[in-house]
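J.: Listed below are the residues making up each chain.
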Amino acid sequence: MVTSLTRRGQLNTEVGRLERMLEIRAVEESIQTLYNDGHVRGSTHLANGQEAVSVGIASVLRPTDVVTCTYRGHAAALALGVTPEGVLGEICGRVIGCSGGIGGSMHLMDASVGLMPTFAIVGAGLPVAAGVALAAKLKNNDSVALTIFGDGSTNIGAFHETLNMASIFKLPVIFVIENNLYGEYTRINLSTPISDLADRADSYAMRKEIVDGQDVDAIINAIQSAVDFARAGNGPSLIEAKTYRYSGHSRSDPATYRTPGELDEWKKRDPLDIAANKLILKGELSEVDLEKMKSDIADRVAEAIKTVLASDGPELSTLMQHVSAKG
Amino acid sequence: MVTSLTRRGQLNTEVGRLERMLEIRAVEESIQTLYNDGHVRGSTHLANGQEAVSVGIASVLRPTDVVTCTYRGHAAALALGVTPEGVLGEICGRVIGCSGGIGGSMHLMDASVGLMPTFAIVGAGLPVAAGVALAAKLKNNDSVALTIFGDGSTNIGAFHETLNMASIFKLPVIFVIENNLYGEYTRINLSTPISDLADRADSYAMRKEIVDGQDVDAIINAIQSAVDFARAGNGPSLIEAKTYRYSGHSRSDPATYRTPGELDEWKKRDPLDIAANKLILKGELSEVDLEKMKSDIADRVAEAIKTVLASDGPELSTLMQHVSAKG
Amino acid sequence: MTVMRTRQAVIQALSDEMESDPTVFLMGEDIGSGGPFKATEGLIEKFGDTRVIDTPISEMAFLGAGVGAAAMGMRPVVEMMFIEFIGVALDQLTTQGAFFRYLSRGAYQVPLTIRAAAGAGMGFGCQHSQILDQWFRGNAGISLVIPSSPQSMYGLLRSAIRSNDPVVILEHKGLYGERGDVITGEAGIIPIGQARTVTEGSDVTIVAIGSTVLTAKAALESQSEWSAEIIDLQTLIPWDKSAVMKSVAKTGRLVVIEESSYSGGWGAEICSEVVTKLWGQLKTPPHRITSPDAPIPYAQELEKRYLPSSDYVVSQINELLKTGKSPAAWWEGAK
Amino acid sequence: MTVMRTRQAVIQALSDEMESDPTVFLMGEDIGSGGPFKATEGLIEKFGDTRVIDTPISEMAFLGAGVGAAAMGMRPVVEMMFIEFIGVALDQLTTQGAFFRYLSRGAYQVPLTIRAAAGAGMGFGCQHSQILDQWFRGNAGISLVIPSSPQSMYGLLRSAIRSNDPVVILEHKGLYGERGDVITGEAGIIPIGQARTVTEGSDVTIVAIGSTVLTAKAALESQSEWSAEIIDLQTLIPWDKSAVMKSVAKTGRLVVIEESSYSGGWGAEICSEVVTKLWGQLKTPPHRITSPDAPIPYAQELEKRYLPSSDYVVSQINELLKTGKSPAAWWEGAK
Ligand SMILES: Cc1ncc(C[n+]2csc(CCOP(=O)(O)OP(=O)(O)O)c2C)c(N)n1
Ligand SMILES: Cc1ncc(C[n+]2csc(CCOP(=O)(O)OP(=O)(O)O)c2C)c(N)n1
Ligand SMILES: [Mg+2]
Ligand SMILES: [Mg+2]
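Chains as they are written, first to last, in this note's numbering: chain A, 1 to 327; chain U, 1 to 327; chain S, 1 to 335; chain B, 1 to 335.
Keep in mind that a hint or two might mislead.
Said to hold, decoys possible - DSSO-like mimics (lysine-lysine), calculated; alpha carbons at most 27 Å apart, straight line: (1) S:Lys283 <-> S:Lys250; (2) B:Lys325 <-> S:Lys46; (3) A:Lys306 <-> S:Lys250; (4) U:Lys170 <-> U:Lys139; (5) S:Lys217 <-> S:Lys322; (6) S:Lys283 <-> B:Lys250; (7) S:Lys241 <-> B:Lys250; (8) B:Lys325 <-> S:Lys241; (9) U:Lys326 <-> B:Lys304; (10) B:Lys322 <-> S:Lys322; (11) B:Lys304 <-> S:Lys283.
Just so you know, these hints were derived from the structure itself, not from any lab.
Could you put together the complete structure from these sequences and hints?
T.: Given below as structure tokens:
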């Protein structure tokens with residue numbers, strides 16, 4: 001069977017990264033049908049349009065580095081290595097889900113590739129990432145922690161406290177804002193009086209960078225610099241990836257609040273297209289190859305869905321397991 | 001009897017302001033003896049060295065404006081108008097205390113001059129002040145709210161959240177940092193990677209000003225501009241007053257962590273001396289007047305202490321009063 | 001009388017209070033667009049954005065702003081969306097707002113309402129499904145209400161807004177879609193602190209609140225061996241002691257149904273108080289039917305198992321009546 | 001065996017654990033200088049500033065950092081200074097750290113200790129004097145201990161640090177200065193979840209924790225009409241059911257002494273459980289002696305009145321034994 005770790009290794013080529021982005025898109029697009037068929041409960045938060053950020057991050061980090069991410073975590077989980085079965089299984093509450101079906105869409109995890117259970121409370125992943133980085137520092141190893149969160153989350157207290165503390169302690173942690181212009185149904189200008197969120201780093205004398213969130217190569221460069229900086233003991237960075245989500249905030253949101261034309265504008269800079277076009281331009285991929293890739297991925301995702309739907313829910317006894325060290 | 005409101009009016013002259021600063025100093029200096037004699041419990045936090053900030057603020061605000069302040073609130077309370085009997089009575093847990101002896105040193109209050117019960121949790125007064133300002137805005141009156149807090153408090157989440165929200169909502173609220181260089185026993189450079197805290201306003205596109213905290217006239221100017229700005233509907237300001245506390249953080253703190261010589265340096269710029277010298281230079285006060293003023297104040301404070309010590313503790317029944325609307 | 005869903009009862013109550021009292025205003029994340037449960041839909045259109053205020057994601061700031069505005073005579077209704085979110089802001093309510101009246105000797109009061117969705121059963125996972133009433137206990141300034149129907153949502157929410165002290169209203173997300181008759185207007189208002197007798201009966205008093213009122217009713221209706229007096233507490237803090245005492249004095253038996261974990265659950269306070277005050281009058285031990293001591297799982301079957309079902313309630317009460325002893329919970333010995 | 005004050009027992013326990021386990025480190029505001037209660041004095045000199053870490057005033061950040069570091073195999077001891085301060089950061093413990101093990105199916109665990117001063121009687125006012133155990137209830141991942149002596153401070157703190165789940169240890173500020181014999185080393189360690197029988201007796205079981213253990217002892221010693229089995233719970237969450245049951249089965253009477261308000265107090269859970277499980281075996285109703293439902297006042301006489309005194313305990317127990325009924329609290333009818 002493919003492990004998360006081997007899947008992580010597949011990101012070391014441009015083609016591999018494109019494939020993963022395509023896979024993420026395909027996996028997320030399958031969720032609505034699963035929902036319609038009654039397999040998905042609660043809420044799901046898609047990251048389509050934002051795939052490059054997650055794949056870029058996963059391409060740079062080592063599996064021994066640790067990531068904390070939000071409820072909008074499908075892309076990060078798949079990028080870091082979790083299989084489509086692991087993600088879709090979790091969303092469908094099956095025992096083969098990456099959290100055994102206990103967590104659901106908002107709580108994906110895979111310790112083997114450094115993904116902590118994703119956080120459903122805004123801002124909650126930041127202090128924990130700082131703690132991971134602190135542990136690395138105290139243990140004197142060169143691991144880093146990275147935390148992914150949205151533009152809206154830069155208004156929560158934990159953001160401020162954690163950035164300040166990380167700076168003072170020079171912690172090896174990278175703060176990545178996925179600025180997709182909306183926090184739930186609210187456009188950023190209605191919640192935040194500045195538009196370049198990276199500038200908030202100045203309050204903490206922190207290294208900062210703004211990066212094109214639709215270009216996986218740009219992400220890789222930005223993350224790589226921040227990771228190098230952190231591993232060298234120089235402390236944290238704040239990276240703002242300018243990006244966009246094509247779907248509404250969560251399943252129930254038709255996103256009627258968008259500025260007219262905005263979605264179409266952003267789709268012109270689709271991260272999958274950008275990556276594919278680069279490869280095509282360089283002659284490393286043909287249109288035919290791309291179509292083949294897409295259909296292979298479609299097959300694999302369809303296969304994954306079959307596996308998921310054939311799999312059981314977790315046993316009732318798991319409800320009482322891992323509650324505490326005692327059981 | 002002198003009311004808080006009449007005492008507030010006494011700040012409309014330079015001499016009145018000097019007198020109040022001298023009074024604050026004298027009141028605070030009496031607390032240690034009261035403690036030694038067993039009249040004070042828990043903790044007290046002196047503001048000596050910082051008197052100009054409170055007096056400057058109180059000179060500008062109207063009694064219908066509202067102030068939220070921290071546990072380091074003796075100076076603010078006295079400046080806003082609370083009598084020495086009210087403050088010392090509260091510190092000694094007497095029924096004539098400004099909170100009826102129920103609150104203690106950390107919880108002074110006087111609604112007649114806009115002092116909300118002072119806040120013993122770091123950062124807690126900021127959101128409440130924003131709410132006061134929001135109420136003024138919704139009621140369409142031109143009251144402002146002002147909140148006083150320390151340098152260390154700029155690292156708490158509530159600071160960040162409140163400044164952002166106040167900016168977005170254009171609330172008539174003034175945020176005043178008393179930067180006395182220490183949060184408890186920790187020097188600012190060990191907790192905060194920047195030294196001009198007013199710069200944190202940039203994260204919220206907020207108006208900012210740094211002001212000499214030892215010069216009451218400078219404070220008045222800074223507060224007046226911010227208040228005018230707020231009353232005109234332009235929104236909040238962040239004001240950083242550079243100041244220093246002569247005592248330790250609280251009674252039990254000998255402040256051994258100070259940089260050598262630092263205290264002496266700051267004492268050279270004592271806010272009381274600065275104010276007195278200005279009046280003397282202008283010929284509006286003689287050394288003799290000043291000594292007379294000081295000894296009158298000493299007498300008044302001694303008198304207040306007598307009154308306090310002659311007064312009773314609150315009745316036992318008050319323990320169960322004002323718990324809820326029902327009683 | 002109108003038939004409406006619970007979510008509509010929220011809107012109706014807010015709208016009626018806002019119309020009758022200009023100091024009432026709403027504040028929270030995305031309430032303008034109705035929020036994830038559409039429980040504030042249409043209000044911004046009706047009352048404008050100065051009375052329906054969308055906030056940044058800053059619970060500490062806007063909850064505290066509610067405290068401050070309330071102290072200045074406004075009546076803010078602050079939405080926490082999911083009750084777990086108050087975990088980043090609890091201080092402002094429990095340590096600040098709740099003590100304002102006391103510390104100011106009545107000079108300031110805090111007529112603040114906090115609305116939040118709560119409760120399990122909808123697949124929101126362990127961080128979006130709890131009740132968390134424990135966070136508000138032991139704080140005499142705060143009331144906590146949990147409606148069980150469109151009517152009690154309407155009536156309790158209006159009372160909450162009119163209260164001169166902070167009131168937390170937990171809106172069970174499993175009930176938002178439930179329909180029921182609602183008497184609106186003054187006649188539909190339900191006082192804080194008053195329980196409602198849902199059914200009269202003689203064999204056992206069942207104390208429930210929110211979702212467990214429905215569980216109790218379903219349990220009662222699914223059998224015919226015993227009759228039960230179901231008491232919908234409606235207000236959990238402070239709970240209606242006299243209503244419960246009166247009923248248990250009559251039936252001689254007390255069963256409490258709680259949605260949260262056994263340990264730390266509110267039912268213990270009911271049992272303790274009843275047994276102490278009605279010493280010698282109970283025919284069987286007081287008995288609590290609760291969820292197990294575990295976080296709330298996502299997978300459907302597990303979440304279903306987590307919640308006390310009506311079948312489980314029936315079997316527990318059957319056993320209580322048959323043996324005269326408090327039956328073991330399903331998870332006991334199952335470990 | 002050494003005589004030391006409770007605050008010194010804190011230092012000794014921290015020091016011993018830090019010496020024996022290099023993953024243990026301390027984090028909090030001003031702990032390097034010993035903090036307001038001098039309960040960490042000398043440790044930074046001994047272990048350096050990488051193991052005794054002073055933080056900015058950012059409870060959310062450093063509590064959460066404790067969670068993250070713990071999940072990576074460290075054993076952080078995070079100080080909250082006063083327990084109220086966790087009100088600005090509760091989410092990180094109760095909604096994040098406590099669920100980490102569950103959500104990760106055991107892949108991550110959170111061996112985190114949270115120390116905080118708690119309790120009234122020292123004139124710190126209503127925002128620095130509470131116990132607040134209620135915030136940690138109903139969350140199966142978390143334990144809560146409250147020592148009552150230098151020995152139990154030493155023994156419980158060491159156990160807390162060794163626990164593989166989060167443990168909150170509430171250090172009563174009124175006890176920091178108390179002296180007592182302490183057995184240090186492994187022999188002095190007290191397991192989480194175990195109560196201690198302080199005195200043997202036959203008329204009544206008194207369940208107490210923290211400061212109320214001292215109140216119970218003083219009450220017992222001040223009279224000679226009845227004998228009491230005083231149980232020091234030591235751990236409140238989860239409390240030692242078998243120790244309490246065993247004692248009440250013997251004495252037939254249960255009295256709980258709590259420092260916090262009557263409503264919402266933890267004693268109700270003890271009473272409910274005991275009465276249910278020992279149905280028919282109690283000679284008198286279970287009885288709770290608590291503080292009133294009010295914030296904690298500053299003025300000395302009022303704060304004294306707020307706390308249950310040993311005289312009050314004696315009079316309550318006298319009345320319970322004489323009348324066989326649960327006596328009214330002092331504030332009942334006094335309103
Ligand atoms: C403390 C807290 N407040 C509110 C929420 C509800 N909520 C979930 S996602 C979200 C919007 C977050 O926006 P952003 O940070 O921009 O991330 P995005 O969803 O766009 O990725 C909100 C308000 C929450 N989960 N936690
Ligand atoms: C949330 C919270 N954390 C910690 C404390 C303890 N504490 C009280 S005052 C203080 C220092 C505050 O420093 P600063 O903001 O600079 O104000 P200053 O005391 O210097 O006026 C601390 C840490 C508290 N009261 N509340
Ligand atoms: Mg966003
Ligand atoms: Mg300071």
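J.: Between Lys325 of chain B and Lys46 of chain S, does the CA-CA distance stay at or below 27 Å?
T.: Judged against 27 Å, a Cα distance of about 57 Å means the pair is violated.
J.: Is Lys241 of chain S close enough to Lys250 of chain B, meaning Cα to Cα at most 27 Å?
T.: Violated, at roughly 31 Å.
J.: Can you confirm whether the C-alpha distance between Lys304 of chain B and Lys283 of chain S stays at or below 27 Å?
T.: Given pair Lys304 of chain B, Lys283 of chain S is violated - Cα atoms ~40 Å apart, limit 27 Å.
J.: Quickly compare the C-alpha distance for Lys283 of chain S and Lys250 of chain S to 27 Å and report which way the hint goes.
T.: 11 Å, holds
J.: Holds or violated: are the alpha carbons of Lys217 of chain S and Lys322 of chain S at most 27 Å from each other?
T.: 21 Å, holds
J.: For the pair supplied as a hint, Lys283 of chain S and Lys250 of chain B, is the alpha-carbon distance within the 27 Å limit?
T.: 23 Å, holds
J.: Are the Cα positions of Lys325 of chain B and Lys241 of chain S separated by 27 Å at most?
T.: Judged against 27 Å, a Cα distance of about 18 Å means the pair holds.
J.: Run the distance test for Lys306 of chain A versus Lys250 of chain S: straight-line Cα separation, threshold 27 Å.
T.: Distance of about 58 Å is beyond 27 Å: violated.
J.: Checking one constraint from the list: CA of Lys322 of chain B to CA of Lys322 of chain S, max 27 Å. Satisfied?
T.: Outside the cut-off at roughly 35 Å; violated.
J.: Measure nothing beyond the straight line between the CA atoms of Lys326 of chain U and Lys304 of chain B; if it is 27 Å or shorter, mark the hint as holding.
T.: At roughly 24 Å apart (the allowed maximum being 27 Å), Lys304 of chain B and Lys326 of chain U satisfy the hint.
J.: What's the verdict on Lys170 of chain U and Lys139 of chain U, does the C-alpha distance respect the 27 Å limit or exceed it?
T.: 14 Å, holds
Hint check: violations occur at hints 2, 3, 7, 10 and 11; the rest are consistent with the structure.
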